[in-house]
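So the protein lines, in turn, are chains A and B. Just so we're aligned, residue 1 is where the first sequence starts under the working numbering, counting upward by one. Just so we're aligned, residue 355 is where the second sequence starts under the working numbering, counting upward by one.
Worth flagging that the hints you see were computed from the coordinates, not collected in a lab. Each hint can be trusted.
Under the rule of at most 30 Å between Cα atoms (straight-line distance), these lysine-lysine pairs were calculated in the DSS-like manner:
| no. | chain 1 | residue 1 | chain 2 | residue 2 |
| --- | --- | --- | --- | --- |
| 1 | A | K217 | B | K564 |
| 2 | A | K217 | B | K595 |
| 3 | A | K250 | A | K314 |
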Amino acid sequence: MSLDDAFKDPFFRDESFFGDFSYKNSPHAVNRFPFPFPEDDYMYSVNMEPHVKGRPGSIFEHYFDVDEHYVSEMRDRARVLEQDPLRCQSLPHMTLAGWDLLELIMEKFAEEYPQWFALTKDSNRWHWINRPLGIDQKFTFLDESTLPMGPFEYITRQAQGDFTLQDQREDNLWIEAGMVTSQADWSLDFDIGMNFHEWHAPVPLAHQMGIFDRALKFLLALQHGAPVRRFNWTMTVDPLLDTSPENYHKWGPTKTTLTPENIGKRQHLRVELQTLIRLPRSNAICFPIRCYLISMDDLVTRPKWARRFHRVIKTVPDELATYKGFIRNKPMILDYLSKFDDGAPTSPGWWPED
Amino acid sequence: MSGQTRLTVIVTEVVAVNSLIKRFRFVREDGGLMPGFSGGAHTVVEMDDNGTRRLNAYSLMSDPADTSGYEISVRRDDTGRGGSLFMHNGVKPGMKMVISQPVNLFGLDLRAKKHLMIAGGIGITPFIAQMAQLDSLGHRFELHYAMRDRELGAYMKELSARHGERVHAYYDLEKQAIDLANLLKIQPLGTHLYVCGPKGMINWVLSTAKAMGWPKGALHSEEFLAPPVGEAFKVELSRSKITVEVGPTQSMLEALEAAGVDAPYLCRGGACGQCECRVTASDGEILHYDHWLSDEQKAAKTHIMPCVSRFKGERLVIEL
Ligand code: HEM
Ligand code: FES
Chain A
1 MSLDDAFKDP FFRDESFFGD FSYKNSPHAV NRFPFPFPED DYMYSVNMEP HVKGRPGSIF
61 EHYFDVDEHY VSEMRDRARV LEQDPLRCQS LPHMTLAGWD LLELIMEKFA EEYPQWFALT
121 KDSNRWHWIN RPLGIDQKFT FLDESTLPMG PFEYITRQAQ GDFTLQDQRE DNLWIEAGMV
181 TSQADWSLDF DIGMNFHEWH APVPLAHQMG IFDRALKFLL ALQHGAPVRR FNWTMTVDPL
241 LDTSPENYHK WGPTKTTLTP ENIGKRQHLR VELQTLIRLP RSNAICFPIR CYLISMDDLV
301 TRPKWARRFH RVIKTVPDEL ATYKGFIRNK PMILDYLSKF DDGAPTSPGW WPED
Chain B
355 MSGQTRLTVI VTEVVAVNSL IKRFRFVRED GGLMPGFSGG AHTVVEMDDN GTRRLNAYSL
415 MSDPADTSGY EISVRRDDTG RGGSLFMHNG VKPGMKMVIS QPVNLFGLDL RAKKHLMIAG
475 GIGITPFIAQ MAQLDSLGHR FELHYAMRDR ELGAYMKELS ARHGERVHAY YDLEKQAIDL
535 ANLLKIQPLG THLYVCGPKG MINWVLSTAK AMGWPKGALH SEEFLAPPVG EAFKVELSRS
595 KITVEVGPTQ SMLEALEAAG VDAPYLCRGG ACGQCECRVT ASDGEILHYD HWLSDEQKAA
655 KTHIMPCVSR FKGERLVIEL
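With the rest of the complex left out, here is chain B (with noise of 0.2 Å):
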C-alpha cells in the first residue's frame, strides 16, 4: 500500500510489568508526533529476527489523546513461532523499528448508550486506550477483566486508580468469576458489549449475549491470534508463477513477503478478510486457523487466509 503506512521510532522504554509481560514504548525517529488514533486500534511492529522476517500486530494501549508516543504490552509465548520471545529478548531502549499507522478493527461505536468490556489476561490491553478515550468524552463505561492471579493482573492497579468503580477485577485462582448472565441481564438499552481475550471467553461471551437477544450490532469482539507453527509446507502461486517454500515457525504471509510478493493484510491474525486467497489446487489439508471464511468456504477448500492457516499435503496452488 502506498503513502506512509509505516513510521520509524525509536524504543524509549522497555518495562517488565511481570513474568511474562513486557511493555513497550516508541516515539519518532523524527522527533515529531504520533498521529492521534482510536481506541481498540493496533499497530504492527516490523521485527528482524536473525534474518527472519515477522510483523506482529499489537493492540495501541496508551491514550490516544497523547501524541508523544505510542505503548504496547507483548505476552511472551515461550512455545510460540519467537516473535514475542524476540520482542522479550531482542527488543532495547534506544533500538530504531518500523510500525505501521494504526488500524482499528475493535472500533467503539460511539452510539453506544454505555460501553461494556469484558477482558481476559492479555486482552485488556485495547480497552485501555478505549477507556482513556471514553473517559475524555464523557461516556459511560464498565470494565469486566477477569485474569489468572494478582501477580499476573497486569494494570489493574493504575486502572483502578483512574477508573475507580468502572473497573472490576476476577482471579481465577481465587475461584472469581464474572456473573456473565446477571451482567449482562441489568445493562440499559443501547449498551454495547466488547470483548477482548482467550478463544473460549470470546466464544462464551458472545454465545451467552446472543442466547439472551442482543443483536449481532451491539456485540464486538476481538482476538489476537498468532500465526500458529507448523510442518514446512510448499505453495505455488498461479499469477507469480513461483513456488514459495513456507517454514515451520514461518507464517505462510511472511514466507510469501520474503519471496518478494506484495500479498495484502490488514490484522495478519485471521480476522480482517484482507488477505483472501482464492485456493486453485489443494491436493492435501487445508489448515484453517482464521475467524474469517465461513465453515462451508472452509471446508470447500476454495479459499485460504496466509496470515495464519497451514497446509499439509502434496500440492497447494493459490491464486496471487
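If we strip away everything but chain A, and leave its shape as in the complex, we get (with noise of 0.2 Å):
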C-alpha cells in the first residue's frame, strides 16, 4: 500500500500518535466526541443498547465511523504491526470470521462512504478501491491465495480501531483473533485462546455483580441483522493509541511527568466504541472497538461535559481508578476539572447541548 498520496483530501489530519504527539481534534472533532457518561456517576453495568443509526453527523451516524484520523491511525497501526507482528494474529479456523468481516467493512464503507471506497463484485472475483489510502485491489472471495495477507489482517488493516473475533462453541466465546494495536492496557498475544470469563479476569467487582455471566447469556444468543454498542473508557497520558503491556516500560513511567500546567493539554480520556456483530458464515462474534482520544483542555469547552466528568472523577471507586490506572493522578485531575465544575445541575445523556 502506498500512503504517499494519502493527505491529498484535506478531511484526512496528517498527525501522529507518538514522539512529538501531534494528533489534535478539529472543533468538528470534539463536538461529535463520544462522551461516554449519560450521568454523573459510573459504575460497570450491562450497559449494552442496539447499535443502530443515530443523529446525523454523530459517530453513530454510520455503521463504522471513518473520521478524520483515519489515515494518520492507519499509518500508527501499520508502524506498531512493524514493531511487533504478534499484534495480529488469527487461528488458523478464524479464516473464515476474517472473510465475514471483510466482506462487512467493504459494504459497508463502499455503501456509507461512496466518495472513499468502492466495491464492486463479479460473483466472487471483487474488486476493492480504497482511495484514502490508495489502495486498488482485484481478488478472489473466499480464496486467500489472491490476497497480500489473510483476509482478516488485510481488511483491518484499513478500518480504525482494535477488532477481535470470537468463536463460540460449548457455551462460550473463545477469542481466536485480533488485530490489537491501539488497545487500553492488555495483550492479545496474552488472551489469545482464552474465553469470555478468563480474558475479564483482571476486572475488578464487575464479576462479583453478575455482569459477565450476564453479558456472556447475552452474547451467546446475539442475532443476525441485530448488533449492539457498548462504551469502555479510561485515562491516558499523551495521545497514545498504543498503550499496550507489552510497550508499558516507555508509556507507563509518563505517568509521573504530569503537572498542573500541562495536564490540561496531555490527560486525555480514552473512550471506546465496542460493538457486537454476529458473522454469517461462521457464526463467530466480532468485537470491534474503536478508541477515541481527548484532552481534558478540548474536553472542558463543553460546559456539561465538565462538569459531568468532574463529578464522574470524584465519585469513581478507588477499584476502577486503580485498574484504568490513573489513581496516582486522581487528585491532579480533580484540582484541574474542578475549576469548571460550578454545581449547577447537568442533563441528562451525553449530548454536548442539550
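Using the supplied hints, reconstruct the complex from the two chains, each of which is provided in its own coordinate frame.
Below, the structure written as C-alpha cells:
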C-alpha cells in the first residue's frame, strides 16, 4: 500500500500518535466526541444498546465511523505492526470469520462513504478501491491466495479501531483472532485462546456483580442483523493509541510527568465504542473496539461535559481508578476539573448541547 | 429483540420429496440477497394457522454459499400441534411469510481435523448445509445417515452424487445399522462428532462416544423437539400481573406471545436456555420436556422452559 497520496484529501489530518504527538481534534471532532457518561456517576453495568444509526454528524451516523484521523491511525497501526507482528493474530480456524469481517467492512464502507471506497462484485471476483489509502485490489472472495495477506489482517489494516473475533462453542466465546494496536493495556498475545470469563479475569468488581454472566448469556444469543454497542473508558497520558502491556515501559512512566501546568493538554479521556456483531458464515462474534481520544482542555470547552466529568472522577470507586491506571493522578485531575464545575445541574444523556 | 432479526420472504417452491417430507424455498420479498449463514443454522418460520400464531424452527438445508434463497424441509407430524400440518397443507408457492435471520445452535467446530456426522431421518437437514460448507472450505468429513427405508431416505441420491464415498446410507427396513463402536474406534485424533436425529439415536451416539473416552468438547448434537401437545392450563405472570391460558395444541411460549408478552427465545425447542423462567409458585406438576435444565432443577420445580414444557395442577406462577 502506498500512503504517499494519502493526505491529498484535506479531510484527513496528517498527525502522529507518538513522539511529538501532533494528534489533535478539529472543532468538529470535539463536537462529535462520544462523551460516554449519561449521568453524573459511573459504575460497571451490562450497558448494551442496539447498534442502530444515530444523529447525523454523530459517531452513530454510520455502521463504522470513519473520521478525520483515519489515515494517520492506519499509518500508526502499520508502524506498531512492523515493530511487533504478534499484534495481529488469527488462529487457522478463524479465517472464515476473517472473510466475513472483510465482506462486512468493504460493503459498509462502500455503501456509506462512496467518495472514498468502492466495491464491485462479479460473483466471487471482487474489486476493492480504498482511495484515502491508495489501494486498488482485485481478488477472489474466499481465496486467500489472491490477497497479499490473510483477509482479517488485510481488512483491519484499513479500518480504524482494534478488532477481535470470537468463536462460539461449548456455550462460551473464545477470543481467537485479533488486530490489537490501540488497546487500553491488554495483550492479544496473552489473551488469545481464552474464553469470556478468562480474558475478563483482571476486571475488578464486575464478576461479583454478575455482569459477565449476564453479558455472556446475552452474547451467546446475539442475532445476525441485530448488532449491539457499549462504551468503555479510561484515562491516557498523551494521545497514544498503543498503550500496550508490551510497551508499558515506554508509556507507563509518563504518568509521573504530569504537572498542573501540562495536565490539560496531556491528560486525555480515552473512550472506546465497542460493537458486537454476529458474523454470517462463521457464526463468530466480531468485536470492534474503536478508540477516541480527547484532551481535557478540549473536553472542558463543553460546560456540561466539564461539570459531569468532574463528578464522575470524584465518585468513581478506587478499585476502578486503580484498574484504569489513573489513581495516582486522580487528585491532580480533580483539581484541574473542579475549576469548571459550578455545581449546576446537568441534563440527562451525553450530548453536549442538550 | 431489536434490529432486523426477521426477513419477509416469498415462497417460491414447495416440493413433495416423498410421502412425509416437503421442501420449501424462500426468497426475499424485496428482491435482495439473503444473508450468508453457517452450516447447522436454523430459521424460525412464523405461521398464521387460522388465527393461531405458530413459530417453528427448521434447519436451513441449502448451500450456505447460495444467498439467492433459503431451503428447509418439513416432516409432517399427523399427531402434533399442527405446525407441520400447516406447512404441508397451507403453504403454497407465491405466499408471503416471515422468517427469522439464521441462528446457529449446532455450529461446526472448524478446529476439527475431521467431521464425523451421524443423521437419523429428517435430522439430515442441517448436515446437508454443513457438508456443502465443509466441501467448499476443503475440510474432511464423513456422513452416516440412517433412515427407515429407501422411499423415506430423502436426499440420499443427491448427496451421493455430490459427495460420493463420503456419505453412507443405512436402511432400517433392510436391517442395516451403523456399526457405531467400530466407527468411533477408527477415527483419527482431532475428529469431532455431530449427531442430529431422534432422541434415542442422540442418546445412543453420545453415550457410546462418552464411554469410549471421547472428550466432551468434541461432541455436538441437536435434537429438534416439537413442542408437545397436552391439556390446557393457566399460568400467572408475577411481573406483568396477568394470567395466560395455554391451549392444548399451543406451547406456553406461544400463549405468552399471543397475550402480548415479549418473552425471550432462540430455539423454541428446549435446547438453548434463552426462555428459562423462574417459577415462584407451583401447586401441581411441571411437565418438563426440555434438555436444558438439570435433573435437580427439574425436580426442585424452580425453573421452567416455556417453549416446550407444560403444567398440570392448580396454580403456576412464573417470574415474567
Ligand atoms: C466478546 C467481546 C469482548 C471482548 C473481546 C472483551 C475484551 C475485554 C478485554 C481484553 C478487557 C481488558 C481486560 C484486562 O484488563 O486484561 C475487557 C475489559 C472489560 N470488559 Fe470486555 N470484552 C468483550 C465484551 C464485553 C461485554 C459485552 C461487556 C459488558 C458488560 C464487557 C465488560 C467489560 C468491562 C466492564 C471491562 C473493564 C473495563 C475498564 O474498566 O476499563 N466486555 N474486555
Ligand atoms: S427457546 Fe430455547 S430453550 Fe426455550
